[in-house]
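The lines below spell out each chain.
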Amino acid sequence: MRFERKDLLGLEELSPEEINFILETSESFVEISERPIKKVPVLRGLTVVNLFFEPSTRTRTSFELAEKRLSADTVNISASTSSAVKGETLKDTAKNIEAMSIDMLVVRHSAPGAPHFLAKVLSCPVINAGDGSHEHPTQALLDLLTLKKRKGRIEGLRVAIVGDILHSRVARSNIWGLTKLGASVVVCGPPTLIPPEIESMGVEVSHDLKGAIRDVDVIMMLRIQTERLEECFFPSIREYSELFGLDSEKLKYAKPDVLIMHPGPLNRGVEITPEVADGPYSVILEQVKYGLAVRMAVLYLLGGGKFESENLDQKW
Amino acid sequence: MRFERKDLLGLEELSPEEINFILETSESFVEISERPIKKVPVLRGLTVVNLFFEPSTRTRTSFELAEKRLSADTVNISASTSSAVKGETLKDTAKNIEAMSIDMLVVRHSAPGAPHFLAKVLSCPVINAGDGSHEHPTQALLDLLTLKKRKGRIEGLRVAIVGDILHSRVARSNIWGLTKLGASVVVCGPPTLIPPEIESMGVEVSHDLKGAIRDVDVIMMLRIQTERLEECFFPSIREYSELFGLDSEKLKYAKPDVLIMHPGPLNRGVEITPEVADGPYSVILEQVKYGLAVRMAVLYLLGGGKFESENLDQKW
Amino acid sequence: MRFERKDLLGLEELSPEEINFILETSESFVEISERPIKKVPVLRGLTVVNLFFEPSTRTRTSFELAEKRLSADTVNISASTSSAVKGETLKDTAKNIEAMSIDMLVVRHSAPGAPHFLAKVLSCPVINAGDGSHEHPTQALLDLLTLKKRKGRIEGLRVAIVGDILHSRVARSNIWGLTKLGASVVVCGPPTLIPPEIESMGVEVSHDLKGAIRDVDVIMMLRIQTERLEECFFPSIREYSELFGLDSEKLKYAKPDVLIMHPGPLNRGVEITPEVADGPYSVILEQVKYGLAVRMAVLYLLGGGKFESENLDQKW
Chain A
607 MRFERKDLLG
617 LEELSPEEIN
627 FILETSESFV
637 EISERPIKKV
647 PVLRGLTVVN
657 LFFEPSTRTR
667 TSFELAEKRL
677 SADTVNISAS
687 TSSAVKGETL
697 KDTAKNIEAM
707 SIDMLVVRHS
717 APGAPHFLAK
727 VLSCPVINAG
737 DGSHEHPTQA
747 LLDLLTLKKR
757 KGRIEGLRVA
767 IVGDILHSRV
777 ARSNIWGLTK
787 LGASVVVCGP
797 PTLIPPEIES
807 MGVEVSHDLK
817 GAIRDVDVIM
827 MLRIQTERLE
837 ECFFPSIREY
847 SELFGLDSEK
857 LKYAKPDVLI
867 MHPGPLNRGV
877 EITPEVADGP
887 YSVILEQVKY
897 GLAVRMAVLY
907 LLGGGKFESE
917 NLDQKW
Chain B
607 MRFERKDLLG
617 LEELSPEEIN
627 FILETSESFV
637 EISERPIKKV
647 PVLRGLTVVN
657 LFFEPSTRTR
667 TSFELAEKRL
677 SADTVNISAS
687 TSSAVKGETL
697 KDTAKNIEAM
707 SIDMLVVRHS
717 APGAPHFLAK
727 VLSCPVINAG
737 DGSHEHPTQA
747 LLDLLTLKKR
757 KGRIEGLRVA
767 IVGDILHSRV
777 ARSNIWGLTK
787 LGASVVVCGP
797 PTLIPPEIES
807 MGVEVSHDLK
817 GAIRDVDVIM
827 MLRIQTERLE
837 ECFFPSIREY
847 SELFGLDSEK
857 LKYAKPDVLI
867 MHPGPLNRGV
877 EITPEVADGP
887 YSVILEQVKY
897 GLAVRMAVLY
907 LLGGGKFESE
917 NLDQKW
Chain C
607 MRFERKDLLG
617 LEELSPEEIN
627 FILETSESFV
637 EISERPIKKV
647 PVLRGLTVVN
657 LFFEPSTRTR
667 TSFELAEKRL
677 SADTVNISAS
687 TSSAVKGETL
697 KDTAKNIEAM
707 SIDMLVVRHS
717 APGAPHFLAK
727 VLSCPVINAG
737 DGSHEHPTQA
747 LLDLLTLKKR
757 KGRIEGLRVA
767 IVGDILHSRV
777 ARSNIWGLTK
787 LGASVVVCGP
797 PTLIPPEIES
807 MGVEVSHDLK
817 GAIRDVDVIM
827 MLRIQTERLE
837 ECFFPSIREY
847 SELFGLDSEK
857 LKYAKPDVLI
867 MHPGPLNRGV
877 EITPEVADGP
887 YSVILEQVKY
897 GLAVRMAVLY
907 LLGGGKFESE
917 NLDQKW
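If you read the sequences in order, they're chains A, B and C. Those letters in the first sequence? Residues 607 to 922, by this note's numbering. Those letters in the second sequence? Residues 607 to 922, by this note's numbering. Those letters in the third sequence? Residues 607 to 922, by this note's numbering.
Be a bit skeptical, because a hint or two may be false.
[To be verified] Straight line, CA to CA, 20 Å or less: simulated EDC-like cross-link-like pairs of lysine to aspartate or glutamate:
| no. | chain 1 | residue 1 | chain 2 | residue 2 |
| --- | --- | --- | --- | --- |
| 1 | B | K697 | C | E892 |
| 2 | B | K697 | C | E881 |
| 3 | B | K701 | C | E837 |
[As the list claims (entries may be wrong)] Coverage of chain C stretches by chain A, computed from C-beta distances (three or more under 8 Å per stretch; other residues unrestricted):
| no. | stretch |
| --- | --- |
| 4 | 642-652 |
| 5 | 671-683 |
FYI, nobody ran anything at the bench for these hints, they're computed from the structure. Note that the Cβ used here is the ideal one computed from N, Cα and C, for glycine as well.
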């Protein structure tokens, strides 16, 4: 199989076969970061630009390291230093960057659909590193890879996604990915933070954490952004934590082999307690590790087969 | 011919032969960014520091990519993170950077003459990436290269430069470059934005856009910085646009093979309308593309002949 | 001898043998930055992350260049773009970065002990690039290397450290390093800027600059941070300069072969006059130069002997 798409914009448009193909490719990249020399010449001489209109440590760093381990030349452009402040349009900014003969663009933007728009106007591959509350496909792919590595399968798993579903691109991408691969999903949170027609995505809805996690294989906790408090989505952090924060007490209701995931950064004591985040069920740091492999795989696949697989085994 | 200067500070001090030599060298670098592997070992093991006291996306990115495609090690230092905020003098900042055994310094500064000052106190080559309203030599060189590629020659061309001539380093560098290579230049803008003694640079002055563009081969539109509005250089953006913004209507007065240039970032709807910016006469994105080649050539020439030309043909 | 430590956190915990071993290793790295091709494959394929919670030009740039000259892949993370602003704990930030299979972490933090804490929770080597007013070990090591190169020895030297001893990590690290290697130290400054029990570190205290520098081989001037003025540590900049600023007049009281050092950035006219900073006794720019060599040596030693010494002589 070859990956025939120009861009990676979201999991909504991918077929199960495509998602599985990315996951399989990712698995062969896990090992590269465990070598003494973590580098393969896959993207040597190619240029990848990371264009981030929202601040990000972990996603930007993960992409940057993935690019460097594939030997690409990388340039970071962040909103604060960008011409965007000078009133340039997004399209002009991107067309200008492309005119410098770049080979791939990784973009994060607060506007849902911004990467899709850029994918249309640019001839180089575009990777969505998060667009508003729409999609964050590499996050969902790394979550799927973590599940596959830990549970051996996605199909038939039951997954609870807990927290601010309304504003979460992580939730949305995971719902597409999980349901396409045959997992069932229950979303759980206060009514104000669950989008009204979410059931149409093929998920169940719960407003009771203890009930929701009772029979699931995986609990994905989402980050609560405290600015939502000011927007009156819930009355107080303390109340939110009591009802929807995961602690050892509530965890007793879960299955003994449950996995706990979180996309980070953690709000310790808000949506998750330290005992749970650092406890035996947590795979939070594995998610980060597999994130690098997933991003290497996506860059490799969109980079377009300039690379023969035997090179992966060859130290550079 | 060899390029004998230590620094590239402006086009004012360059001879026509030197400018032509840089343009010819640039042409051989255009092709490198079109290769599958866009990289030559010209500056391998050398260190280039990009010291930007003013924010910039396109110029900084263009230099950074040029350096990386020549295999240099590059470090970016921006004003916001620099010791400048701690009260260190410009000279001390630069001498400190040089003491780290760097090989070239690219500098942008709001003070006219800052790169010239650094060129005197540093023994390494200094490249001016824009100093106040004084010069922006690599921008003018890329404009000249675009003209040469599109028109086959510079000599005998007639060029209108339109907009805020007073504050524009792009205008100043282009006037030097164009007149030295035998083009004639008319500058056009409201009287408040034309420097009083500009004719001494060998250009004509016009305050009427339709008249100015009637018989020119090239129209270079300059960016209007909206902060100038507050400084009362013109009454309103709308009025400015009506008189000096380039739109399809005014473009009818130009020759049928006119070229339209803009250094970016564009203020769409202010100094140029979208139809014109994206229309068939526009070479704005070509300017960006040739900018990379010009910067590679300048870095290569100042890097000092550590490089034999046959290497350009050899993939690395 | 091998360097057996996992981390470089401060000079307090190092033995004289360990300090001397780092200095000797540094000497072999001085020459690399003088080569036409300033690059050795010592850390090829390894990843070093520079995590700076305080802004810094010179230390960050020096580390970044050291890493690149050792062929490491480097990523910079600064506080302003970091998840720290999103309320993530320091430990979580660091564990996340480590989960991306990084090989070394360079950290600057305003909290004394932050690097020591990270060294405990991370399995990769941690290098302290400055922690509050506690230690700045690579600065002291580069000062020691400068002395060794200039004076041929450390033992028996007499060194005055002048200025804001209370808040200075540079002073603290130098006191440890100098006294361990057999130099004697006098600290000099206004009583409000000398910590009460500083004598327990084995140094003399003086409040009189002329007296303090009379018989010393080296004067280390510290930077006065003007924000200390607001905190009422001294009445005015002018008064501070008159009493504790080094000028040509006061320098007459020093020995004819005295060396003058300053960690930078300089406050010209405050703690040091331009004549003295740029005069024949000043070794301020040599400090910067040796800083790079010291950082290359530390990265090499903590990188763990993946490198055979003959490679140092081999161009890459």
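So which of those numbered hints doesn't the model satisfy? 3
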